[in-house]
Amino acid sequence: MTTLHPDKVTADRLTGKPTSGGPQGPHGDGTLFEDPAVRTPLVLNNRSLHDVTEIVCGYAENSPGKWWLPTFMFTATVAGVGTLMILYLLVTGVGVWGLNNQVGWAWDITNFVFWIGIGHAGTLISAILCLFKQKWRTAVNRSAEAMTIFAVMCAGIFPGIHVGRIWFIWFVFPIPNSNAIWPNFRSPLLWDVFAVSTYATVSALFWFMGMIPDFATLRDRADKRLRAGSGTSKLCVQCPVTGIKFFHLPVSADGIRAFVYGLLSLGWRGSGRHWHRYEAAYLILAGISTPLVLSVHSIVSFDFATSVIPGWHTTIFPPYFVAGAIFGGFAMVLFLLIPARELFPNFKDLLTLRHLENMAKIILVTGMMVGFAYAMEFFIAWYGGNKFEVEVFIQRATGPYWWAYWTMISCNVLSPQVFWKRSMRTNPKVIWTVALLVTIGMWFERFVIIVSSLNRAFLPAEWHMFFPTAVDILTFVGSCGIFMTLFLLFLRFLPVFPLAEIKAVMPQGDPHGHGDGGDHGHGDESHLAANQGGGH
Amino acid sequence: MLRRPPRALDVKFVTGSIGDGRYANNGWLQEMPQPITKVVWDNPVVVSPATAKALKVTPDDYTERQEPLARMATLSVGGRSMQLPVWICPGMADNVAIVTLGYGRETAGLVGNGVGFNTYGLRNAADGAVLRGATLEKTGENYPISSTQNHWSLESRDSLVRWLDKPAWETHAGAAEHGPGHGVVADPYATSGDDSELSVAEQLGELTHTPANLSLYENPFNESRGNAEPGSAYAQGPQWGMTIDLASCTGCNACVIACQSENNIPVVGKKEVAKGREMHWIRVDRYFVGDSLDEPERVMNQPVACVHCENAPCETVCPVTATVHDREGLNVMAYNRCIGTRYCMNNCPYKARRFNFFDFAQAKLNGGLDPKYVPEGVRKATNNAGEGTTFNQNLIPPRLREKLDEIQHMGQNPNVTVRGRGVMEKCTYCLQRINSARASAKVQGLGTVPEGYFQVACQQACPTESIVFGDIRNPESRVSQTRQNQRSYLLLGYINTRPRTSHLMRVNNPNPAITEPVDAIAAHGHGGGHGGGHDDGHGDSQGDQHGGESHDAHSFRVDPTRQIEDDGYALSLRVLGGNGVHA
Chain P
1 MTTLHPDKVT ADRLTGKPTS GGPQGPHGDG TLFEDPAVRT PLVLNNRSLH
51 DVTEIVCGYA ENSPGKWWLP TFMFTATVAG VGTLMILYLL VTGVGVWGLN
101 NQVGWAWDIT NFVFWIGIGH AGTLISAILC LFKQKWRTAV NRSAEAMTIF
151 AVMCAGIFPG IHVGRIWFIW FVFPIPNSNA IWPNFRSPLL WDVFAVSTYA
201 TVSALFWFMG MIPDFATLRD RADKRLRAGS GTSKLCVQCP VTGIKFFHLP
251 VSADGIRAFV YGLLSLGWRG SGRHWHRYEA AYLILAGIST PLVLSVHSIV
301 SFDFATSVIP GWHTTIFPPY FVAGAIFGGF AMVLFLLIPA RELFPNFKDL
351 LTLRHLENMA KIILVTGMMV GFAYAMEFFI AWYGGNKFEV EVFIQRATGP
401 YWWAYWTMIS CNVLSPQVFW KRSMRTNPKV IWTVALLVTI GMWFERFVII
451 VSSLNRAFLP AEWHMFFPTA VDILTFVGSC GIFMTLFLLF LRFLPVFPLA
501 EIKAVMPQGD PHGHGDGGDH GHGDESHLAA NQGGGH
Chain H
1001 MLRRPPRALD VKFVTGSIGD GRYANNGWLQ EMPQPITKVV WDNPVVVSPA
1051 TAKALKVTPD DYTERQEPLA RMATLSVGGR SMQLPVWICP GMADNVAIVT
1101 LGYGRETAGL VGNGVGFNTY GLRNAADGAV LRGATLEKTG ENYPISSTQN
1151 HWSLESRDSL VRWLDKPAWE THAGAAEHGP GHGVVADPYA TSGDDSELSV
1201 AEQLGELTHT PANLSLYENP FNESRGNAEP GSAYAQGPQW GMTIDLASCT
1251 GCNACVIACQ SENNIPVVGK KEVAKGREMH WIRVDRYFVG DSLDEPERVM
1301 NQPVACVHCE NAPCETVCPV TATVHDREGL NVMAYNRCIG TRYCMNNCPY
1351 KARRFNFFDF AQAKLNGGLD PKYVPEGVRK ATNNAGEGTT FNQNLIPPRL
1401 REKLDEIQHM GQNPNVTVRG RGVMEKCTYC LQRINSARAS AKVQGLGTVP
1451 EGYFQVACQQ ACPTESIVFG DIRNPESRVS QTRQNQRSYL LLGYINTRPR
1501 TSHLMRVNNP NPAITEPVDA IAAHGHGGGH GGGHDDGHGD SQGDQHGGES
1551 HDAHSFRVDP TRQIEDDGYA LSLRVLGGNG VHA
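So the protein sequences, as listed, match chains P and H.
The first sequence begins at 1 in this note's numbering and counts up by one.
The second sequence begins at 1001 in this note's numbering and counts up by one.
Don't take every hint at face value.
As the list claims (entries may be wrong) - Rough simulated footprint, nothing fancy, chain P against chain H, three-plus residues with beta-carbon under 8 Å:
no., stretch
1, 1055–1066
2, 1141–1154
3, 1263–1277
4, 1459–1469
5, 1491–1500
Because the hints were derived from the structure by calculation, they are not lab data.
The structure presented is a predicted model; accordingly, all values stated were derived computationally and were not measured.
Virtual Cβ for every residue (Gly too), placed ideally from N, Cα, C.
Could you build all of it, start to finish, from the sequences and the hints given here?
Dropping the structure here:
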């Protein structure tokens, strides 16, 4: 990585500030001021625009450190175990899981809902916060979107493999066929197919489109180095112990970068017209994604809400699931980015404590929303006067799965309460711990909803426990491995921050010289981005 | 309750489903849940919960592991002793141990070898069926037991299995006119205003508490037989239905085995049963009723199969339309279309659906994909080849295999599809029998299938004729009469599933010297939420009939104005309702 040269002079000239360095927060770490009229900057240490480019592109161009390869090998192995488990399942039958005739769904759909929920933070950050012009989103949106894509990929695995006859899974798609049989458009499972595939498509487009200017930057940097003759050393395999290089490849790293990033950047040249269309498309995709944030998990919740089973048959599910998804999604963002913040150099300048604090606040709010939903489920069960419903909820809290229920309550409702205190929500270690607990709690929430309802349905004669098998557990662990592997690849090879958008919220990006730019009407991201452009 | 361990037990020797052991090689009978205990593939010693507690041999909680662990104990009687697992059965006399004979055979055949414990060694030919002075001592070892039903209690859900004492029944059903045990609704087709009474059995359920199921959506299938308009979905052809009489059901399981043999239902083995994967399409739910499971008042048996809901929750949720309704009111499965999402199974309130988690039907005698998932008996399959050796079915030469397959196929009903792995299945109301009856009735020039032309398998096997099947559209049919019986109720009918199978509640005739008869209807709680609906019309005549009980009696009437608003719901009740409540 190149040594950074904070271009303070340029920055200060552009912002009209004295050269003392500008506001850094009371502690210089991006935490909020006591004075609500003053805002901390979103990028710390008076970074110049060039610095930002160097930092972000540096992640994609250099090895992030010695920890990366072992971690990657580990998660890839876990992912491989998961894949083998899936293979075993497909060859042998769904019976290798612990399901039975009373509890027809357990870990499979729990995992599906869990991963789908994780994905919601990305869409919320990229779409809704974009429309609401929440500038702090720029530091997290790229990685949150990446996380969304990977989570949806993990989520897509489970409905696919949970069916008894995966070779007929194409029956769920409305494909014209000689039998003239259509799928059942009344089935919430079919709505899931459409909702999740739409969501996956739109999220992937959003993610990819946002990266195009950054790909172009990476391409141009590689190209520049190639032309300057500095990036032409051929790739080789190096012995990690002795450092001896062998097996030289005929291409250089920058040659590959120029080609691959060039391909991905789709001919982006950073012209004003490109930026204009880019901004329009970005807004359109944000507009399309915004209802998806609400609809996807609503539809997933219909799987349960439209059924007749006590504990599932409840109208509170759509808002409850959406709140829970955002809750779990933000927890996952924090869970991933806080370690990244420690492991990557200069990451903290772009992802400041202010960002973490904002997300901690969202965790607190959505955590209380799900807590309210948990309480309302009990209240309505009692108020509705349906004894089957009442019984399910009593059994949920006191029955054989009480430990799952109370894990859920303590992780999801109690643990975020520490965020009432500012010192807690600006302490990355505390935030990370809570994020981990919330992620666990949200998995248990889905488990509680699915299993503890099915195993205490109407007829006591058919009450049957669910016990997970090793295949159940390893398939889920494997899906975590797949997710982490993909995320590590993302951190290593793709632009982790959106360059243009970050630059637009920096003081230099504000042509009117209003400094932090968060509190007036002119700092429109779109024309700022157009002014700043890519290709640094 | 026993305060301390009994000094001696009485041992009662009984035979179970495999008789004296001669049927030990029959997988159906091995996997048939033993009446009351519901244990399969084993013959534990059965004692009362209090005795088990006193002897410290109570089995493990079923919530802790897949196969509940029974305690091994040494049963010694008359100088002979044997180690056996101990299982409990509420309602048994204390200090009695029931020992089942016939298990534990060594040369029974492929299935029966080594299943259970050979208890013949505990008695000799001179002994009778009861021996005294036995002792049961815990050995400290455990033994896994599989049972199809892990829960004992009805959990106060009286509306699932209903019963009434005879005096109350006579009061409410007007049995004086119709004769005891009948009480058939006089005019079930009447569509006039005040025929909206619930049958006596329905008065014991949730329908008296729940508001009408109002729907914004006019379901074209919400036309029940009760007022089937010409052209409506259920107004033509035979409409099949079933009633199951809880008063005459003895819980013998004949229906279970009849169904299994008729419908090619596979045997899954002890381990799979422990996981809750038994495949029986009809099951006999057993509930112990009373304040304490240690001393239950009675045990109720309730056969439950797919009830063929007119508003079937399973049908709407299947993403590929693999389960649909046919014109004769059957909820049918299209096996070829099923992809096995199991959503239907989850959404079935009766949990009547069964999933092929493995290739149960095919793989069994062909070796299977994974030996672990072949039943215990088959795994040991040695067929006289000696203890402990395993016989790998895959080693059979192909031509011999073909012959064996042929023999296996002969054991199956050619009229019923054999289901493969990953497919959902459930009771079809013996669709193959309906179809063949329809065909032969047509060939014989009879037109529609006449009443009594055929029977479904469970009905045919039922020794007490508690299962009645037929065309509920035909007013002459037995099923339409039993369906209108005052004892008839729809299991979980309040969800508005509109089942085609209705259950007839049990009427008890308790000896007043032992038990005071209870009027369960009068005692049946009614929430305050009925509003003003009870003040109108029909209340007056009812009040006169029932005298002092009038207030209670009409408090469970359904508000007729609500019924007019909601056709589907009201009509489904009308099938069961009628004027019979008017004494």
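Cross-check of the supplied hints:
no. : hint      : in the structure
1   : 1055–1066 : holds (count 4)
2   : 1141–1154 : holds (count 5)
3   : 1263–1277 : holds (count 4)
4   : 1459–1469 : violated (count 0)
5   : 1491–1500 : holds (count 3)
The structure fails to meet hint 4 from the earlier list, while all remaining hints are met.
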